[in-house]
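Got chain A; can you put chains B, C and D on it based on the hints?
Taken in sequence, the protein lines are chains A, B, C and D. Residues in the first sequence are numbered consecutively from 1, following the working numbering. Residues in the second sequence are numbered consecutively from 1, following the working numbering. Residues in the third sequence are numbered consecutively from 1, following the working numbering. Residues in the fourth sequence are numbered consecutively from 1, following the working numbering.
In case anyone wonders, no lab produced these hints; they're calculated from the structure. Mixed in with the good hints there might be a few duds.
[Stated by the list, open to error] Derived DSSO-like pairs (lysine-lysine); straight-line CA-CA distance at most 27 Å: (1) K60/D <-> K25/A; (2) K143/D <-> K177/A; (3) K177/A <-> K87/B.
[Claimed, not checked] Quick list of simulated restraints, FRET-style, between CB atoms: (4) V167/A <-> N141/D: 34 to 44 Å; (5) V97/A <-> Y765/C: 40 to 50 Å; (6) I170/A <-> A327/D: 51 to 61 Å; (7) N141/D <-> K177/A: 23 to 33 Å.
[Stated by the list, open to error] To give a feel for the contact side, a few chain C residues facing chain A, derived at Cβ under 7 Å: (8) H615; (9) L618; (10) L620; (11) L755; (12) I764; (13) L766; (14) F767.
The beta carbon of each residue, even a glycine, is placed where N, CA and C say it ideally should be.
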Amino acid sequence: MGQAIAFYTLSAFILGFAVLVVSTKDTVHSVLFLVLDFLFVAALYVLLGAPFLAAIQVLVYAGGIVVLYLFVVMLVNLKRSPEAHHDPHRRARLGFVLAALVLIEVGAIAAYSAGGPVRPAAPQAPPTAAATAVSAMRAVGNTEEVGWLLYTNYLIPFEVASMLLLVAMIGAIVLAKREL
Amino acid sequence: MITPTHYMLLSAALFIIGVIGVMVRRNIIIIFMSIELILNAVNINLVAFSREWQHAVGQVFAIFVVAVAAAEAAVGLGIILAFYRNKETVNIDEMNLMKW
Amino acid sequence: MQYIWLIPLLPGLGALVNGLVGIRAFSRRTSGAVACATMIAALGVSLLAFWELLGLPADARAYDVTLASWIPAIPLQTQSGMGSLQVPWGFRLDPLSGLMILVVTGIGTLIHIYSTAYMAAEPRGGVARFFCYLNLFCFFMLVLVLGNNYLVMFVGWEGVGLCSYLLIGYWYQKKSASDAGKKAFITNRIGDWGFILGIFLVFYTFGTLDFRAVQNAAGAMRVESAGIGVLSIICLLLFVGAVGKSAQIPLYVWLPDAMEGPTPVSALIHAATMVTAGVYMVGRNAVLFSHAPTVMLIVAVVGVLTALFAASIGLVQYDIKRVLAYSTVSQLGYMFTAMGVGAFSAGAFHLMTHAFFKALLFLGSGSVIHAMGGEQDMRRMGGLKKYLPVTYATMVIGTLAIAGIPPLSGFFSKDEILFRSFEANKAIWALAVVTAMMTAFYMFRLLSMTFFGAYRGPAWEGAHRVGAHLAADPHDHGHAAAAHGAQDSQAGHGHGHGAWHGPHESPNAMTYPLMALAVGAIVAGFVGIPTALYGGNTIEHFLEPSFTAEEVRLKPDTTTETTTGTTTETATATGTLAATETTTGAAAVTEAESVRSVRLQPDQAPETPEAEESHALLELGLMGFSVLIAAIGIGVAWKLYVTSPEIADQLAERFAGAHRVLSNKYYVDELYDATVISGTMAGGRGLWAVDRNVIDGAVNGTGWVTIISSWFSGLTDRTVVDGLVNLVGRVVEAGSVVFRRLQTGLVQNYALVMLFGIFAFVSIYLFMRAGTL
Amino acid sequence: MIDQLVIPLVKILIVLNATLVGVTYMVLLERKVIAWTQSRLGPMRVGPYGALQPIADALKLMIKEDITPVRADKWVFTAAPIVAMVPALIVYAVIPFGDTVNLFGREIPLYITDINVGLLYIVSVASVGVYGIILGGYASNSKYPLLASLRASAQLISYEVAITLTLVSVILVAGSLSMVSIVRAQESAHVWFAFLQPIAFVIFFIGGLAETNRSPFDMPEAEQELTGGFHTEYSGMRFALFFLAEYANMIVVASVATTLFLGGWLRPFPNVAWLSFLDVIPSWTWFLVKSFGFLYIFIWVRATLPRYRYDQLMRLGWKVLIPLAIANLVITGIVKVLLL
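Chain A on its own, in the form it takes in the complex:
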């Protein structure tokens, strides 16, 4: 019950702020709504038993990425409104309608599937080799479990991600700097 209340409250906030992010005229306000949205998503993660991810969400998204957005918004000191020019070929309305249709369809699928066997028959065992090690870890805590997986089964993706970040770092410097 308490979980349901929490879920619906958080969902309402998440969706509400998301709508505000998309619809607000002032870019800075939009960014602030985005931060709030992220914080509520982090709260949702806590609700889902993923405190480590929640902390990462706050640290990286709220504390890092969105600060970047704020910087850029402040640096891009616009003399005229960014929405001033409108290309007549763009079919924004059609996109809006299509997106709504997709949402309705997904909702319909969810509604249809509500009684159906969407869930697996039982919470089945995780299909990995390190299953036993992970289940041993689960007793210790969420952070250890994630760390264990990250540095064993997913070490190579992890390294690839680190390379991606390095490349992105260099790319961002090259792009943003006026003269190298």
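Showing chains B, C and D alone in chain A's frame:
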């Protein structure tokens, strides 16, 4: 009882809001933020199923998504800045050099 | 004896050093020293190896060393199914090759030392080149004699041919020298063609190229007394090779011309070693030849005819080296005669003794030429005895040796051959005896014209006039000087322009080898003193294992059984290898001889003491007769060229026709020119005409056809292909008017398409789900 | 019910009030210490030795007129001080002030909660604190505050990296993210992590100065250049909130440093038996003493060192502290793998 279906619906709604933002807004910074929303929608799904299956692999992938989002934001904002320096605008409708 | 591969390798190393470094960097002395050092080292190793070989029991005197694998196992069709062509770099030391390496390294070393003085006036790089070639020759010659299979032998065979070519053409600026080199090389090709065909056939027949294996296999085959079998064909082909290399009729023509090379080369290659390779090869394949009596007869006949023929030409030649060249051909003929009558040991023995005295004679003639400043015509010599005492003495020894005067080496080897040919075939013996007389004659003619009588050569500065009748003739003098000068300028040889101070004795580096060889020419025969003279005929016993198959020697009974078991009835009477068969059989002489040679084993020869005694008497008689013959030849020569030279001219005038024929060497070269060479040229011209008209015409026609068709093709290309391409382009261009409207350049429109895709997929999924639910 | 609701609420109340009172008296302490450093007396009028000066200040700020500039972004302008204050306060949720005490027959731990990502929580929340400054500067719609806020946020983000890396080193040594576990780890290791990780400790201290905009890194508030920094346009209670948030952050940094590097509530030499008479003193006292010492050093540094230039500040952060921290982390990892 909150089932994964609920989380999926929340995720789908957040996703569609992000998509609408990408479709409708002309300020490229807002579009980027909409993309962040989309990525968060995906993460919610991943974490929800991580909980459902009692396995942390979903969270691991969420971390990868966060890493990719960070890279995307860095490069994307760099591009925005570079573009702004050249054209004094962040309106995506004015970024049409590739058209016929 | 594991180290015998060092023997060829050391001269090879010397050649490498002289060739890579020496030509650019070494002084004359250094390159000579390098070459001589490698040869001396090789001689030392050879002596050591030979000593060890002597230490082995007589039956086991064979040692194989496989240095490396050369040709990996290649499956090839043979007579008995699929065989495997596998050839190692294998060397084999047995009595025959042991003898050969001693001859090659021993005489080679002496000639190397001799060359350091003889070539001293050459340009620096030329000397290094000369020694490089000479060392290379020794390397290949040693590979040839040490190789334990046909292919390694062939490598040496071709290598010595190459070195021969290079050394004959050493003064390559001189056209006659380079022509002579080419002639030698091309003539050898004919022989090599036969040799390699023989090797092919050997492999096809026996499935192996190893000498010992082939010998053993051949030893187990029946003697092809009736008709021509595969062994006969093999032997014939191998003999063709031998004929080319050893300058026998009809391929002897290159050897006299090869005298264009420096004299040490003539001595080493064209007298002592390379030309005997053919003899060696026949000896190597003694078992095969023994099984082919027909070919043996051919060998003997060719040998004796060559001996006679070359000796008769040698009678009237004036060029000192040419006389010796024809003498060499003649002596080689002797050796082949020995081989042909089955006296393989005698042939090899004569090979050895001949190597000594012919090398001696050549080096002596070189010394004479050296003394005369390049003059080779004997008519311009005479009376040199007092100027060249050492040369004279050694030359006398060499001449007596070749003439067959006891107790010099030539006597023993030549009489062994004569005795064995007398036993085999009287006709051949008769011809050989005539040759022996001629040999004695022309050799003493040479000696007389060179060392006796009055000096007929050109005058030199400040000299007292000797041989005035020639020197007084200004025309002749001018001619001689011109010839001398020409020789100098062309060959770069001699003692400098105008610095010739008359005939003089050669330096020590030349005379010491002469003396050493003279000692050799005296004593070399003592290893083969025949039993008739109460000697042991040591060399024959020593060499015998190399000429027989192992099975025959070791297991005569089983061989007999298997052979008789497999041959037809008629063969048992005449052609078996029955160890007890004697010469009293009714078979033809050559055949009996050949069969006998297979099992020529003294301890098995069942001769009664009486027969042995009569044998010895016969041998002694023949010896006496041949010494008499030689003495007659010497006497005639003495009479004609020393005591009363005018008789020689009278004789030449009286028999002018014969003299002309002999002087012109029976017009063989002209005959070859007229037939083979001009035929080849005509054929070449004909082929060229065909080439120019038919083939070029076809090519040009093809070209024209191509041009015309390409013109059409181009037309098609321009209209049809380009048209199609342009059509495609136009269609795309026209279509793009419609489709390019999709490319709005608006990112969000592209995203819209993606969204539409999502919508489509979700819709499909929804409807499929709707069906199932 | 009592365990789950009442006791935590009571603890939260105590911590919040203690923090706010501590912050106010922190201001007084700073003024006094600086005055003594400069051979002055400092506040002396209100109360004995100026002991009531903070209360007077608070009253003054509360009754002052609250001005909102006309061109300001009103909502953001209002929200900014709150955004600055809230993270500074909620960090205290995971800081362990002392060992468990026995009160009224209950075992009561002297911390609000002990979550197993405690350190990560602190870092995350601290990273949100930067919004207060950015928004305050931006919403004022005035150039000095905007410049100051950009400077401040750049400074905070830069030094956050170094600090986080030092924390990771400590985590490696302690083997846990939980604050309580880290203190316990120092107990079982018989040594403060300040001695195991001296480089990390120094970097953390310098980074802490920068994070709290303290001298010599008080660039965002450089009066001479920016007329007071990002809160130039603020007055009254909103200004007070920014002010309090800054001092609250100082106390947070001191508390975290105490917990991570100075053994938290542990008495000196907790494993030396003959010093066990020191256990008479309650554990939270040790915590307070250590934190106070830390804060005193903050003030001392402010009174002593001149201000850095901005580029020097950034250079120090990126080119010295971060590489040092990375090297320290790598060495720590290698040592840990090889020796432990």
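Here is how each hint holds up against the structure:
no.	hint	result
1	K60/D <-> K25/A	violated (39 Å)
2	K143/D <-> K177/A	holds (23 Å)
3	K177/A <-> K87/B	holds (16 Å)
4	V167/A <-> N141/D: 34 to 44 Å	holds (38 Å)
5	V97/A <-> Y765/C: 40 to 50 Å	violated (19 Å)
6	I170/A <-> A327/D: 51 to 61 Å	violated (21 Å)
7	N141/D <-> K177/A: 23 to 33 Å	holds (29 Å)
8	H615	violated (98 Å)
9	L618	violated (101 Å)
10	L620	violated (102 Å)
11	L755	holds (5 Å)
12	I764	violated (10 Å)
13	L766	holds (5 Å)
14	F767	violated (10 Å)
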